[in-house]
Amino acid sequence: MSPGVLGPETPAPEFTLRRQDGSEFTRADLLGQTTVLVFYPFAFSPVCTDQLNLYDDVLEDLQSQGATLYGVSCDAAYSQTAFREQLGVRIEQLSDFEPKGETCRAFGVYHPGGFPQRALVIVGPDGVVKWSYEADSPSELPGANLIFDGLAAVAAGSEASGQSG
Amino acid sequence: MSELRSAPVPELSPEDHLRGPDEAPLAIEYADFECPYCAALVARLAGSRLRRAFRHFPVRSSHPRAWAAACAAEAAGLQGCFWEMHDLLFADQARLEDPHLWERARTLGLDLERFDSDRRGDAVRARVRRDFESGVRAGVVTTPTVFAGGRMYTGQFDPAALA
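Chains U and G supply the protein sequences, listed in that same order. Numbering-wise, the first sequence is residues 1 to 165 according to the working numbering. Numbering-wise, the second sequence is residues 1 to 163 according to the working numbering.
Hints are computed from structural coordinates only; laboratory data are not their basis. Keep in mind the model is a prediction, meaning the values are calculated, not measured. Backbone N, C-alpha and C fix where the C-beta goes; we use that ideal spot for every residue, glycine too. There could be a bad hint or two in this list.
[To be verified] Quick look at which bits of chain G chain U covers, simulated, 3 or more residues with Cβ under 8 angstroms:
hint, segment
1, 4-14
2, 19-27
3, 133-140
Only chain G is shown next, with the shape it has when bound in the complex (with noise of 0.2 angstroms):
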């Protein structure tokens, strides 16, 4: 039997990053590092007061970076920079390649090595899948997706719809 079944879109778990306050209403993203129209919907949701949730959902065969910017975020998340890590990515995503997930890691004050052999090991390659599948299993097909209130929202979200 496959774990890729249909399930609802798993509650939240201490493993998610998260940011926003508590009391605001819920948003949970899948993205991808690599695509542009969640670079647009990441700097529209910046100035939301929303509690947003980003998760993994890197479309290999589309973006060839994908993966790599999903570890090297959970590599950063490793030593406490997810979301440094997670805007830097998304800042400029034509340069994704390692000298500049390298550079991104200096800015950030990483440990280098660590951040190098962490990005390419099996825990959070796992752990970028476990996101990614969650995401196939709760019928997402494109990036961004989004969700929030109950709804699912494929491609466009509009954080006033919450409000």
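Only chain U is shown next, with the shape it has when bound in the complex (with noise of 0.2 angstroms):
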């Protein structure tokens, strides 16, 4: 198991990914917007292809909450890349390759068998945690309606945590 986590009301940590394009996306790319990120095991494992095809139909209504979803995986840009235009899904990439886990350690869903664990985070415009949710195991796909849920929770100002244990 991952340590767990980070909870609602916790700064998100320094940290660096990078996208697609080789350039880095860091804390200060979260403020000003409300971000979801998609913590995933693998690119082209199964469970991650259902998962990120699901979030991708349901992407406008995600967009019309005012949110922005974000795929992170410790695969290499070019996988995700690769991944991506394979699933031909829209949800940006980002990448945890090198050093590898480090953003998902910080966030506390770095799975010792080298993955992240599958979590979803919400983060608010302040660069703060407002929300999240890990699954219990890699095999448990987190639904679409539970982002839902957590934007509507992050929207009523409420401190609700949807993390599981």
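Using the hints, put the two standalone chains together into the complex.
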């Protein structure tokens, strides 16, 4: 198990991820928007594929709630690009490849197996975690309904956490 | 507020497509006509004694023809042939382009012009979307997902579990 995903009211840590074009994506990029970070174990593993496909299919609904989604894994940016193109999904991918898993560790979702635990983290425009959810196991698929629950909880100013366990 | 927040899987409604004996255990399937695992499940359930409800869960990004196929089934349903079209779609998932849909409609003796305008119409799209959204709210992520006996079965479902 991972140490546990960061809970609500925790400021997002400093981190550096890579966008697909190689540029940096850091904590500063979270500011001013509501961000949903979708941590998933591996590009091309069948379960992640279903999860991202579904989230992509409700992307307009998520965007209409003011949310920007990113997929985060420890795969190299090239692998993530190939993955995204093969799936035909629009969700931008962020790579935690080197130093491997450093951002995942900072968010408390790094699995000892060498990959991110499946988790959802909503960060508010102020850079503070508002809501989070960690799957019980990598084979559990968090439904898109959880993201909408999280966004609604954030909108309601609630401190309710969907964090399991 | 979004309409996609968590909610339990909806009870049966008059809108649901049902087959099987009324007294048999109920299985509500969320499925996609372009999904090979769904076709395998449907084949496995064909001989089972279950009361089955079919709900659409077309995943556009992985299955480009899933929506078209779902709308075709609904359009056939408006002419009383939902299950017949359902079976024909699952029987040949490699052939889901428009001419293949027309061919099936002809086989079923449907009014082709009406079939074609219905399947492209807003009412049919809204009907498919209602099923999809009810599935999202109930936590469906992948197909097939079956709700039966108070449990959610993802991917695999053995009808013997309810026997």
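Task: Enumerated hints in conflict with the structure, sorted upward - done: Number 2 only.
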